[in-house]
Structure formats: C-alpha cells, structure tokens
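Engineer: Sequence:
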Amino acid sequence: MTDGTTTAESLSVAGLRSALHCPRRYELAHVHGIEGDEEDAIGDRVALLRTAICDALRSGETNREKFEVVARDRLSALWTDHEESFHSRAQRRHERRVLEATLAAYVERVGGDHARGIERLAADATRGDLIGPELSLSSTLECPEPDGGAEPDREGETVTIDATVDYVYGDGSSIVGVRFVPTLAPLGSLRYRSEWAGDVAERFTDHFDTDSDAFEPDSVGSLFETAVVLDGLRRLRDRLELGDRTCRYVQIPLADRSATAVNWVRETVETSLEVVDLTDVYVDHHTYGMTHDHRNGTVDDRLGRVASSLLSGPYDPSDRWDRIADHACPTCDYTVCCQDYIAGEVRFDG
Numbered sequence: 257m258t259d260g261t262t263t264a265e266s267l268s269v270a271g272l273r274s275a276l277h278c279p280r281r282y283e284l285a286h287v288h289g290i291e292g293d294e295e296d297a298i299g300d301r302v303a304l305l306r307t308a309i310c311d312a313l314r315s316g317e318t319n320r321e322k323f324e325v326v327a328r329d330r331l332s333a334l335w336t337d338h339e340e341s342f343h344s345r346a347q348r349r350h351e352r353r354v355l356e357a358t359l360a361a362y363v364e365r366v367g368g369d370h371a372r373g374i375e376r377l378a379a380d381a382t383r384g385d386l387i388g389p390e391l392s393l394s395s396t397l398e399c400p401e402p403d404g405g406a407e408p409d410r411e412g413e414t415v416t417i418d419a420t421v422d423y424v425y426g427d428g429s430s431i432v433g434v435r436f437v438p439t440l441a442p443l444g445s446l447r448y449r450s451e452w453a454g455d456v457a458e459r460f461t462d463h464f465d466t467d468s469d470a471f472e473p474d475s476v477g478s479l480f481e482t483a484v485v486l487d488g489l490r491r492l493r494d495r496l497e498l499g500d501r502t503c504r505y506v507q508i509p510l511a512d513r514s515a516t517a518v519n520w521v522r523e524t525v526e527t528s529l530e531v532v533d534l535t536d537v538y539v540d541h542h543t544y545g546m547t548h549d550h551r552n553g554t555v556d557d558r559l560g561r562v563a564s565s566l567l568s569g570p571y572d573p574s575d576r577w578d579r580i581a582d583h584a585c586p587t588c589d590y591t592v593c594c595q596d597y598i599a600g601e602v603r604f605d606g
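Position one of the sequence shown corresponds to residue 257 (the numbering used here), numbered consecutively onward.
None of these hints come from the bench; they were simulated from the model.
Hints may contain errors.
[Stated by the list, open to error] Using 16 Å as the maximum straight-line C-alpha spacing, the simulated EDC-like pairs for lysine to aspartate or glutamate come out as follows: (1) K322 with D311; (2) K322 with E364; (3) K322 with D369.
Note that the coordinates shown come from a computational prediction; the quantities given were computed from them, not determined experimentally.
Required output: the full structure, derived from the provided sequences and hints.
Structural biologist: Structure below.
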C-alpha cells in the first residue's frame with residue numbers, strides 16, 4: 257500500500273464485499289446506486305447499541321459500574337425514540353431486554369478495559385478523534401494491471417478504499433480498532449482460525465482460481481476489510497504521532513443470538529459476547545518477519561487487483577457465473593434487474 261498522490265477513484269469495503277459476491281451486484285448497487293428494498297431491523301438495533309456504547313465511551317467514565325449506567329441510560333433514551341413495527345408490546349419489551357443484556361455483556365467482557373484504553377491513548381495522542389460511531393479510516397494503494405490485461409495504462413494511479421471502525425483504544429504497545437457487527441457469521445472459518453498459514457491461505461487463493469469450485473466471498477471480504485482497516489490504523493497512528501505501535505483489528509457482534517438464554521417466565525435475558533481479533537489470521541508471518549509490520553502480501557496484492565478491476569469495468573460475472581448463481585443469487589435483492597440472472601432464468605425451446 258502506498259501514499260500515492262494521484263487518486264483515481266475511491267471504493268468502500270462494502271463495495272468490495274458486493275463485488276466478491278457478484279460483480280453485477282456491485283455495478284447495480286454501487287455504480288448505479290440502486291437501493292435494495294430489504295428492511296434491516298437488526299441493523300437498526302445494532303446502530304442503537306453502537307451509538308449508546310460510543311456515547312458512553314465519549315463520556316470519559318472508566319469505572320465499569322458507572323460506565324454501564326451511562327450506556328444504559330443512553331440506550332434507554334435512544335430506544336424511546338426508536339420506531340419499529342412490532343407485533344405486540346411484549347415483543348418490543350423483549351427486544352429491549354435483549355439489547356440491555358447485550359450491553360451488559362459488552363461491559364462485563366471488555367467495556368471497562370476499552371474505556372481505560374481510550375483514556376490512555378488519548379493522553380498520548382496529539383490530536384484527532386478516537387471514538388465514532390463509524391470512525392472513518394482509509395487505505396490508499398497503487399493500481400496494478402487488472403487481471404486479464406484490461407486498462408494497462410493505469411500504472412501509477414491510486415485508489416482509496418474506505419472502511420470504518422467504531423472506536424480505537426490503546427492496549428500496551430498496540431492500538432486497536434474495534435468494529436461492532438451484527439454477527440460473526442460472515443467470517444466463516446476465520447472465526448475459528450488463529451493464523452493465515454494453512455486452510456485460510458488455501459481457501460483465499462482458491463476463491464480466485466477459475467478452475468476451483470471454492471467460493472468464499474465473505475471470508476475473502478473479511479480479509480480485505482482487515483487489510484484496509486490495519487492500513488487505515490497505521491495512517492491514524494502516524495497522524496496522532498503515536499510512534500511505531502503495532503495495529504490490531506477486532507470485531508464484536510451485537511446481534512448474535514446463539515449465546516442468548518431467555519427465561520420467558522421471569523422475563524429475563526442473559527447473553528455473552530465473543531470478541532474476535534482478525535489481525536493474526538491476516539498476518540503472513542513470513543512477510544511480517546521481513547517488514548516488521550502487520551501485513552499480508554498475498555491479500556494486499558489481490559486487494560489491489562480487485563480494486564483496479566472495479567475501476568476499469570465491465571462487471572461481467574460470466575467466468576464464475578455457475579458459482580455466483582448458486583451462492584449469491586438466492587439472497588440477492590437485485591435479481592429483478594440483473595440481465596445475467598434473467599437470461600439464465602428465461603429460456604426458449606427450439
């Protein structure tokens with residue numbers, strides 16, 4: 257990745273994820289700006305928790321019990337103004353209890369430690385925001401020649417890729433970016449792996465092999481996101497004059513019901529949170545040994561090639577269409593206006 261000054265265009269991590277599922281989906285959603293019609297009630301609830309937690313972190317309260325009170329009061333105020341269609345008042349009360357249990361689990365698991373980590377980091381930083389929600393980060397990289405040889409004159413052009421974290425805190429000699437997500441399901445096998453070497457590297461490589469049956473857009477997208485966030489954190493570190501601290505990236509799910517226990521008689525909800533650090537599973541230790549920085553040459557190179565191909569177009573999914581149709585089309589909001597899907601569904605005999 258580079259600090260090049262001639263920026264061709266900008267992309268987002270969300271756009272990259274769409275393109276990995278299907279280039280046509282990327283075109284419709286991120287080039288033409290066609291919005292999907294799916295309502296996201298879970299995303300809206302996650303946004304409430306995200307805002308409540310970030311506001312509590314911004315309050316400067318580091319005592320765990322007092323921190324929870326601040327966050328809970330903020331969540332209560334946000335919930336009062338939250339408009340969502342529930343089938344009954346009982347359901348609304350239940351969903352509020354789930355949010356409160358999730359908040360309590362966050363505070364119990366990491367809340368106090370992260371609040372103190374932000375306080376320590378802010379004391380060392382020269383300037384700049386550490387708390388979002390959705391704190392903007394970006395990575396600028398040079399465009400290699402896209403696969404297939406398209407647009408060979410792009411040499412020297414750069415592309416900026418945008419990502420967000422919800423806050424940044426200090427942990428010893430590291431700065432850590434934290435992003436709240438609905439669930440960890442999109443991580444796939446990354447959720448249970450601690451290093452790049454092995455099946456993670458193989459699945460990543462196989463996803464881009466047209467002779468392979470592998471189709472891992474979510475896992476590949478998560479590795480791309482990690483690359484962008486870590487580079488963005490390095491840039492933030494340098495702007496804040498925080499020296500040579502290493503950077504790490506953590507995701508915390510706020511809508512994962514797999515660990516939630518409900519007592520319908522007592523009307524209580526209890527849950528726990530799993531915190532996943534994606535840094536080590538991204539790091540190629542061979543590359544790290546040479547550069548002494550958290551990088552992965554294979555992922556970074558492929559990230560540049562995918563970004564360059566999106567800037568060049570066209571967004572033709574034909575080389576992977578069978579796998580895309582099997583995996584991406586069943587849950588895609590854009591099939592009604594996708595010529596590739598319609599052509600595959602509408603055939604005439606004769």
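Engineer: Look at each hint and say if it fits the structure.
Structural biologist: Hints versus structure:
1. K322 with D311: With Cα atoms ~13 Å apart, K322 and D311 stay inside 16 Å; holds.
2. K322 with E364: Distance of about 12 Å is within 16 Å: holds.
3. K322 with D369: 13 Å, holds
The structure fails none of the hints (numbered hints given earlier).
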